[in-house]
Amino acid sequence: MNTNEISPKASPRLNRIQKISHILKVCVFFYFVAPLCALAFNLKNIHSASGTISIFNHAYASTLDIPKPMYLLWATGTAVYLLGVISFYRLLCLYEKGAIFSGANVSEMKKLGGYLVGYGILAVAANVIYLGGFIFPWVLLEGFVSPWIVVGGAIYIVAWIMDEGRKIQEEQELTV
Amino acid sequence: MRANEISPKANARMSRIKIVSRIARARMSRIKIVSRIARFIVFCFFVFTIWLMLLDLSGLFRQRDFDTLTREILLIILQGVLCVWYWKLARLFHFYERGLIFAAETIRCIKLLGLLCAVGWMLQSVIHILLQQHPLPSIQSILDHLKTLPPGVTLREVTVTHYQMGFFSFDFGTGIDFGLLFAGIVIVLIAWIMDEGRKIQEEQELTV
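Residue numbers (this note's numbering), protein chains in the order written: chain F, -19 to 156; chain X, 1170 to 1377.
Hints are computed from structural coordinates only; laboratory data are not their basis. As the structure is a computational prediction, the values presented were derived from the model and not from experiment. Just so you know, not all the hints are guaranteed correct.
Cut-off 27 Å, straight-line C-alpha distance, at most; resulting in silico cross-link-like pairs (BS3-like, lysine-lysine) [said to hold, decoys possible]:
(1) K1280/X x K91/F
(2) K1368/X x K5/F
(3) K91/F x K1257/X
(4) K77/F x K1368/X
Quick partial rundown of chain X residues pointing at chain F, CB under 8 Å, derived from the structure [claimed, not checked]:
(5) R1191
(6) A1193
(7) I1200
(8) F1271
(9) F1351
(10) K1368
(11) I1369
In this text, a Cβ means the ideal position worked out from N, Cα and C, and glycines have one as well.
Looking at chain F on its own, in the form it has when it is part of the complex (with noise of 0.2 Å):
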């Protein structure tokens, strides 16, 4: 048998991971892209005059109510949405070929958790404008037990430290 090749028993499991990566790949395209075709469908029976329109979870009765600043912290908020949702699929992309404990994977890990801390602090800002001012022990408690700011810190740091493991082994898997 040659060096390079997989063993036997670990191929199996390497066709496992990639037959998994790629129904999550799938799974995840609909999650993300069916509720937005499904809203494209139904764009014409949408009459935003009769509703409120909700940013960050703040309603407003009309388009015409909704601040300026909040305009582009929702089209920041979508921004770091869909870059978050790129380097998901990236990720899974990556454990489909096979590169589980790569420095490539850590990096789209450590990415996506930047991208949910700047969400969360995206969601802080939006809701100090919804407000009207810095109101302060509560706007400062609400960023910080924020799930998006948790989330994607713990995400972050955890990346972050199997980044530093991957690197140890690799240095004392260089060393003979």
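Knowing the structure of chain F, use the given hints to seat chain X on it.
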């Protein structure tokens, strides 16, 4: 050359080993510091959630209505799940602190975090269904209760459609947010992939 002496070639290798182990030790100590800080922060969240849960528990005994009581109990259980989630996250950082980065225990801990997300989603859905079955009092019931409106007061019923710009949270028209369930499934599957990768690595290390 004496037998006990190290050859110049081996000496260079030895110094390389020393440098690499020094770098590895520095990296490991950095991991330990970051994990300890993260564990402390997560522990603070854990204590804060327990405090909130105790506050809700003290208010529970004042409830007389059965539906409200059920809802409150479910909310407390949900907070309990959140507490366990924080506890497990702190444990994950504890494993990292010990240097167990790609170990089986660490991956099992990540899997459990995903499962807890799914359990939290289930509880949230039950609360949502309960709220749908026993909604807030309608206008008609308020009218029945008031019998007659005060003079000068007219009642107007308005139907409002709500458009929400939410991220990672889709209800597919059911009213139940599937975001948490999706996150849970994804975490479990990624942990599974990591576990399989670890097993492949272990097997390859054993293959000579």
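Hints versus structure:
1. A C-alpha spacing of about 21 Å is found between K1280/X and K91/F, which places the hinted pair at or below 27 Å, so the restraint holds.
2. Between K1368/X and K5/F the alpha-carbon distance is near 23 Å, which keeps this suggested pair within the 27 Å criterion.
3. Simply put, K91/F and K1257/X have alpha-carbon atoms about 23 Å apart, close enough for the 27 Å limit, and the pair holds.
4. Taking the CA atoms of K77/F and K1368/X, the gap is about 17 Å. The hint holds against a cut of 27 Å.
5. At its closest, the beta carbon of R1191/X sits 11 Å from a beta carbon of chain F; the interface hint therefore is violated under the 8 Å criterion.
6. At a threshold of 8 Å, the smallest CB-CB gap from A1193/X to chain F is about 5 Å, leaving the interface hint in force.
7. With a least beta-carbon distance of about 5 Å to chain F, the hint placing I1200/X at the interface is held under the 8 Å criterion.
8. Look at F1271/X: its Cβ gets to within about 6 Å of chain F, closer than 8 Å, so that hint holds up.
9. Proximity of F1351/X to chain F holds as hinted, the smallest CB-CB distance being about 6 Å (cut-off 8 Å).
10. Hint status for K1368/X: holds, given a least beta-carbon distance of 6 Å to chain F, under 8 Å.
11. For I1369/X, the suggested interface contact is upheld, since its CB lies about 4 Å from the closest CB of chain F, less than 8 Å.
Checked against the numbered hints given earlier, the structure breaks only hint 5 and satisfies all the rest.
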